[in-house]
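Use these hints to put chain B onto chain A, whose structure you have.
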Amino acid sequence: EAGVAQSPRYKIIEKRQSVAFWCNPISGHATLYWYQQILGQGPKLLIQFQNNGVVDDSQLPKDRFSAERLKGVDSTLKIQPAKLEDSAVYLCASSARLYSYNEQFFGPGTRLTVL
Amino acid sequence: RKEVEQDPGPFNVPEGATVAFNCTYSNSASQSFFWYRQDCRKEPKLLMSVYSSGNEDGRFTAQLNRASQYISLLIRDSKLSDSATYLCVVQGDSSYKLIFGSGTRLLVRP
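Protein chains in written order, with the numbering used here: chain A, 146 to 260; chain B, -2 to 107.
These are calculated hints, taken from the structure and not from any lab test.
A few of these clues could be false.
Straight-line Cα separation of at most 30 Å, DSBU-like style, residue types lysine-lysine; simulated pairs [unchecked claim]:
no., chain 1, residue 1, chain 2, residue 2
1, B, Lys(-1), A, Lys223
2, A, Lys216, B, Lys39
3, B, Lys42, A, Lys189
4, A, Lys228, B, Lys39
5, A, Lys189, B, Lys(-1)
6, B, Lys94, A, Lys189
7, B, Lys94, A, Lys207
8, A, Lys207, B, Lys39
9, A, Lys223, B, Lys94
10, B, Lys39, A, Lys189
11, A, Lys160, B, Lys(-1)
12, A, Lys223, B, Lys42
13, A, Lys160, B, Lys39
Bound conformation, chain A alone (with noise of 0.2 Å):
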């Protein structure tokens, strides 16, 4: 069974610049999250989406950050300017339910450097 997929798995931009990334959760997973994890620390959950509606972005920067999944499967983040404190690695997990405890498989991360 095929992963979660992520990319790019880096990338460097300048402080202002916009960069978006992309998941592709594990096939049939209703359940999808967006994690920062900066150095050092767990990893924070930024949004959540159940099929293609948001369940949870209260600590998602909304001034700056978006994210979508239109069409309930893959997903997009949106950095739009970036900060130098965005950098981190953004992680993408997705899970078969949201209404219990079911595994979060992530995928492998991409890596922000903002200069």
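Below, chain B without anything else, positioned relative to chain A:
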């Protein structure tokens, strides 16, 4: 106060040693608890769930103390391949959101 707190380590132990990690959480309404493992520059992967009665998976034993809001992970007979960061994870009350600790780094030396 952080929602999930862990000693960052590193814990540097010889092969064959027994090592224990602890974790505390702040939300007494938390429902589910887990340990994830994260290798250097890799994604987190579920190691094991933590049940109130305690559970064991081979060399790994997890314990939960709800009264003290404390979770532990014991690794017996450490292997070089156990070197990784161990993330304590708590699932919230009604939100089902996972809250990750900052991780405890383990280094197993020959």
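Here's how the hints hold up against the structure:
Annotation: proposed proximity of lysine -1(B) to lysine 223(A) holds, straight-line Cα distance about 27 Å (limit 30 Å). With a C-alpha separation of about 28 Å, the suggested pair lysine 216(A) and lysine 39(B) falls inside the 30 Å cut-off, and the hint holds. Of the pairs offered as hints, the one joining lysine 42(B) and lysine 189(A) holds, with about 15 Å between alpha carbons and a cut-off of 30 Å not exceeded. Restraint check for lysine 228(A) and lysine 39(B): the C-alpha separation of about 24 Å stays at or below 30 Å, so the hint holds.
Distance restraint check for lysine 189(A) and lysine -1(B): the Cα-Cα separation of roughly 12 Å lies within the 30 Å cut-off, and the hinted pair is therefore satisfied. Annotation: proposed proximity of lysine 94(B) to lysine 189(A) holds, straight-line Cα distance about 10 Å (limit 30 Å). A C-alpha spacing of about 19 Å is found between lysine 94(B) and lysine 207(A), which places the hinted pair at or below 30 Å, so the restraint holds. Using a Cα cut-off of 30 Å, the hinted pair lysine 207(A) and lysine 39(B) holds, with the two alpha carbons roughly 27 Å apart.
For the proposed pair lysine 223(A) and lysine 94(B), the alpha carbon gap of about 22 Å is at most 30 Å, so the pair holds. The straight-line distance between the Cα atoms of lysine 39(B) and lysine 189(A) is roughly 16 Å, inside the 30 Å bound, and the hint therefore holds. For a cut-off of 30 Å, the pair hint linking lysine 160(A) to lysine -1(B) stands: about 29 Å separates their Cα positions. Proximity of lysine 223(A) to lysine 42(B) is assessed by CA-CA distance (about 25 Å); at most 30 Å being required, the pair is judged to hold.
Annotation: proposed proximity of lysine 160(A) to lysine 39(B) holds, straight-line Cα distance about 26 Å (limit 30 Å).
Every hint, counting from the list given before, is met by this structure.
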